[in-house]
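Chains F and E supply the protein sequences, listed in that same order. Mapping of the first sequence onto numbering that gives the first Met the number 0: residues 0 to 166, in sequence order. Mapping of the second sequence onto numbering that gives the first Met the number 0: residues 0 to 501, in sequence order.
Derived from the structure by calculation, the hints contain no laboratory data. Please note that a few of the clues may not be correct.
If you want the footprint, here are the derived chain E segments under chain F, 3+ residues with CB under 8 Å [what the hints assert, rightly or not]:
1. 5–15
2. 87–99
3. 395–401
4. 412–426
Listed below are the simulated SDA-like cross-link pairs for lysine to any residue, each with C-alpha atoms no more than 20 Å apart in a straight line [stated by the list, open to error]:
5. K465/E / K66/F
6. K434/E / G63/F
7. K395/E / G63/F
8. K389/E / F139/F
9. K287/E / T301/E
10. K434/E / C5/F
11. K29/F / K102/E
12. K126/F / K395/E
13. K435/E / L8/F
14. K395/E / K29/F
15. K414/E / V13/F
16. K3/F / L296/E
17. K434/E / K68/F
18. K414/E / F139/F
19. K435/E / K126/F
20. K435/E / V13/F
21. K3/F / P102/F
22. K66/F / K102/E
23. K287/E / A254/E
24. K435/E / F139/F
25. K66/F / A492/E
26. K494/E / Q62/F
27. K3/F / K465/E
28. K29/F / F378/E
29. K102/E / K395/E
30. K66/F / T301/E
31. K414/E / G63/F
32. K126/F / A492/E
33. K435/E / I12/F
34. K435/E / F24/F
The beta carbon of each residue, even a glycine, is placed where N, CA and C say it ideally should be.
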Amino acid sequence: MSFKKCRDLILGIVMLLVSGLYLFFAQQIKTRPKLTPGFASARIMPTLLGVLLAFLSILCIVQGLRKLKEPETDSQAKKMDRGDLAAVLLTFAVIIGYILILPVAGFILSTILYLFLQMIILSPAEKRNYGLFCLVAVVFTALVFVAFRVGLQQLLPRGVIESLLGF
Amino acid sequence: MSTLQLIGGGFATVLTPTGIFLMLIGVAVGIVFGALPGLSATMAIALFLPVTYAMTSSNAMTLLMALFIGAISGGLISAILLRIPGTPSSVATCFDGHPLVEKGQAAKALGVGVVFSFLGTIFSTVLLMFIAPQIARVAINFGNFEFFSIAIFSLTMIATLSSGNMVKGIMAGVIGFMFSTVGTDTIEGTARFTFGNTNLKGGFDMLAVMVGLFAVGEIIGAAETSRHTDETVTKPQMKGIRGFGFSMQEFTGQAWNALRSALIGMGIGILPGIGGGTSNMMAYTVAKNSDKHAAELGPLGTGRIDGVVASETANNATIGGAMVPLLTLGIPGDTTTAMLLGALTLHGLTPGPLLFQNQADVVYGIFAAMLIASVIMLFMEFFGLRIFVKLLSIPKYILLPCVFVLCVIGAYALKNNMSQVIACLIFGIIGFTFKKLEIPTTPFILGFILGPLAEVNYRRGMIRTKGSFVPFLTSPISAVFLIIAVAVLLIYATKPLRQKKA
């Protein structure tokens, strides 16, 4: 069975769990009954929202079950290409890597590295022009750094290169 | 002060060397964002927000309005030349725009598109200038009951209309609302869902949420397709494009069509939940159904300027419409105006009826910027078309990473630390997951923004009435909005039942 076919069912079940958790934590909110009456407390809206989400999740599960009974069409059966999945996962990986090294390596170094890697991941193999990517990464980073740090006086994460440049 | 004096003051605020410079940049960048498929008006504003942090509020709004107007109009370039709508606002422009190009009338199609985009913006801005102060004057008397009902009304409209699946639409709105409950409660001052994390005390930042959901989510999503997208789009024929390409007779022949489309666009803009993406299609459909020349000239869709006029007038007229609830009530109707709301708040301005009293200079500055930016747009698209067309060939795999870096800077600048960058990434992942599960993101954003408005006014109202909901229903304005909201819900909920019977 493809993911597309049962995703409404999965969504409904996950959201039902989420609403349960949300309602549980909503009941932990401290209220001040002497100051604010119960019908206007900090707990009231979260409680209503949790119940509403639970109700919607059940509707979603019902919709999902109904969809399961329908015959599978070709467009639904179409699966994600392995290369595409790899591209998505790699994109996630470089983005997380970028955010992790930003405060350590500084804006300039990590941005050049990120841009270069991300362009390689996103481009089709036959169009990979490493020289061009490198050039774009360096020039764009430099432009952005000058525009924001120098032009707009905006602070950016500092690292070795920034200290050497005196920012 | 009289309205004319206020308008004059608005022009004086905007027509400074800095103001004009910002509008030139804004319109140019906006057109590029509009023309490039995958980049939208919302993204353009998100990316330029950090640039405005250090500016005065008038300059900031001038730049952002110019971006907005440029981006909505820029979509026509790729819609006509490549038959790829640059933004959802110009989907209907493709229908007749591209066939005109195939007939060798590219100049005419582009000329008509540009001129009627311009007229649509001007028309709606002028209407906005006269409608908005009147609404603000009424809205100044609105209290908790009215604001609660208007927020609920807007949320219902957005959740039901912006998606094909009502359950998922409302669910997205509720989840957005839930995220807005994180942080310190404004009435009781107690912590909600912060789990002891100090970064969560102030709640999630509206801008981090929006940049994450729209820009970051979009980029992760693009990773899926960018290796396959056919980049070898046919090079548009640009030879012999000179002048506006249409005669005076053709122009006057479109007067009624344009006026009708502008009114449709304006009306749809005012209603929450349905923006430019719907107005261009609706105006096109109306133009098609009431067409009297189908017999002699062929039906719409075969390359008639009527189709381009309807779509482009309507989508630009939506801008003026969408500004009405934003400025007078502080209620954004779509994601782009939600971004503008974020920008206004960032500059210490609270949109709503009081804005017209306390900061009339900013409001009229916005009006003036809209008018001048549309004139700039007219000239830029007319003379600079070749440059914009060249930019269309920049591949996505180079563009999107650069856009992401700008998102990171914007998020970092919010607090000058990494906390908002991380929040932005989390919302990016949520945005991507939503996309995969076909959950609309617009209701999520508006739930996040309008949720607190609904909650605070509900609770304050209930305290005032000592726990009785009745005054929410007996205040006439509040009652009307609640009744419409319930009616819309019922109409959509019973749709499948009625279809079965039919």
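Checked hints:
1. Here the segment 5–15 of chain E counts 0 residues with a CB under 8 Å from a CB of chain F, which misses the bar of 3, and the coverage is violated.
2. Check on the segment 87–99 of chain E: 0 of its residues sit with their Cβ under 8 Å from a Cβ of chain F, so the three-residue criterion for coverage is violated.
3. Residues of the segment 395–401 of chain E lying with their CB closer than 8 Å to a CB of chain F number 6, which satisfies the three-residue condition for coverage.
4. A stretch counts as covered by a chain when three or more of its residues have a beta carbon under 8 Å from one of that chain; for the segment 412–426 of chain E and chain F the count is 6, and the coverage holds.
5. The straight-line distance between the Cα atoms of K465/E and K66/F is roughly 47 Å, outside the 20 Å bound, and the hint therefore fails.
6. Among the hinted pairs, K434/E with G63/F is consistent with the structure: their alpha-carbon atoms are about 17 Å apart, no more than 20 Å.
7. A distance of roughly 35 Å separates the Cα atoms of K395/E and G63/F; the hinted pair therefore is violated under the 20 Å criterion.
8. Our distance criterion of 20 Å between C-alpha atoms is met by K389/E and F139/F, whose separation comes to about 19 Å.
9. Restraint check for K287/E and T301/E: satisfied, since their Cα atoms lie roughly 11 Å apart, inside the 20 Å limit.
10. Of the supplied pair hints, the one linking K434/E and C5/F holds, its CA atoms being roughly 15 Å apart against a limit of 20 Å.
11. Between K29/F and K102/E the CA atoms are separated by roughly 70 Å; this puts the pair beyond 20 Å, and the hint is violated.
12. Annotation: proposed proximity of K126/F to K395/E holds, straight-line Cα distance about 12 Å (limit 20 Å).
13. With a CA separation close to 14 Å, the supplied pair K435/E and L8/F stays within the 20 Å bound.
14. Taking the CA atoms of K395/E and K29/F, the gap is near 49 Å; set against the 20 Å cutoff, the hint is violated.
15. This hinted pair does not check out: K414/E and V13/F have alpha carbons roughly 33 Å apart, beyond 20 Å.
16. Annotation: proposed proximity of K3/F to L296/E is violated, straight-line Cα distance about 44 Å (limit 20 Å).
17. Annotation: proposed proximity of K434/E to K68/F is violated, straight-line Cα distance about 24 Å (limit 20 Å).
18. Between K414/E and F139/F, the direct Cα distance comes to roughly 24 Å. Violation of the 20 Å bound is thereby established for this hinted pair.
19. Between K435/E and K126/F, the direct Cα distance comes to roughly 27 Å. Violation of the 20 Å bound is thereby established for this hinted pair.
20. A hinted pair counts as satisfied when its Cα atoms are at most 20 Å apart, and K435/E with V13/F qualifies at roughly 15 Å.
21. A threshold of 20 Å between alpha carbons decides the hint, and for K3/F with P102/F the separation of about 39 Å lies outside it, so the pair is violated.
22. For the hint pairing K66/F with K102/E, the CA-to-CA distance comes to about 45 Å; that exceeds 20 Å, so the pair is violated.
23. Simply put, K287/E and A254/E have alpha-carbon atoms about 15 Å apart, close enough for the 20 Å limit, and the pair holds.
24. Only pairs whose Cα atoms come within 20 Å are accepted, and K435/E paired with F139/F is rejected, the gap being roughly 31 Å.
25. The hinted pair formed by K66/F and A492/E meets the criterion: a straight-line CA distance of about 18 Å does not exceed 20 Å.
26. Distance check on the hinted pair: K494/E and Q62/F sit about 15 Å apart at the alpha-carbon level, within 20 Å; holds.
27. Distance restraint check for K3/F and K465/E: the Cα-Cα separation of roughly 49 Å exceeds the 20 Å cut-off, and the hinted pair is therefore not satisfied.
28. A C-alpha spacing of about 59 Å is found between K29/F and F378/E, which places the hinted pair above 20 Å, so the restraint is violated.
29. Among the hinted pairs, K102/E with K395/E is inconsistent with the structure: their alpha-carbon atoms are about 30 Å apart, more than 20 Å.
30. For the hint pairing K66/F with T301/E, the CA-to-CA distance comes to about 38 Å; that exceeds 20 Å, so the pair is violated.
31. Of the supplied pair hints, the one linking K414/E and G63/F is violated, its CA atoms being roughly 42 Å apart against a limit of 20 Å.
32. About 49 Å separates the Cα atoms of K126/F and A492/E, which puts this hinted pair outside 20 Å; it is violated.
33. In summary, the hint linking K435/E to I12/F is supported, as the alpha carbons are separated by about 16 Å, within the 20 Å threshold.
34. For the proposed pair K435/E and F24/F, the alpha carbon gap of about 28 Å is over 20 Å, so the pair is violated.
The earlier numbered hints that this structure contradicts are 1, 2, 5, 7, 11, 14, 15, 16, 17, 18, 19, 21, 22, 24, 27, 28, 29, 30, 31, 32 and 34.
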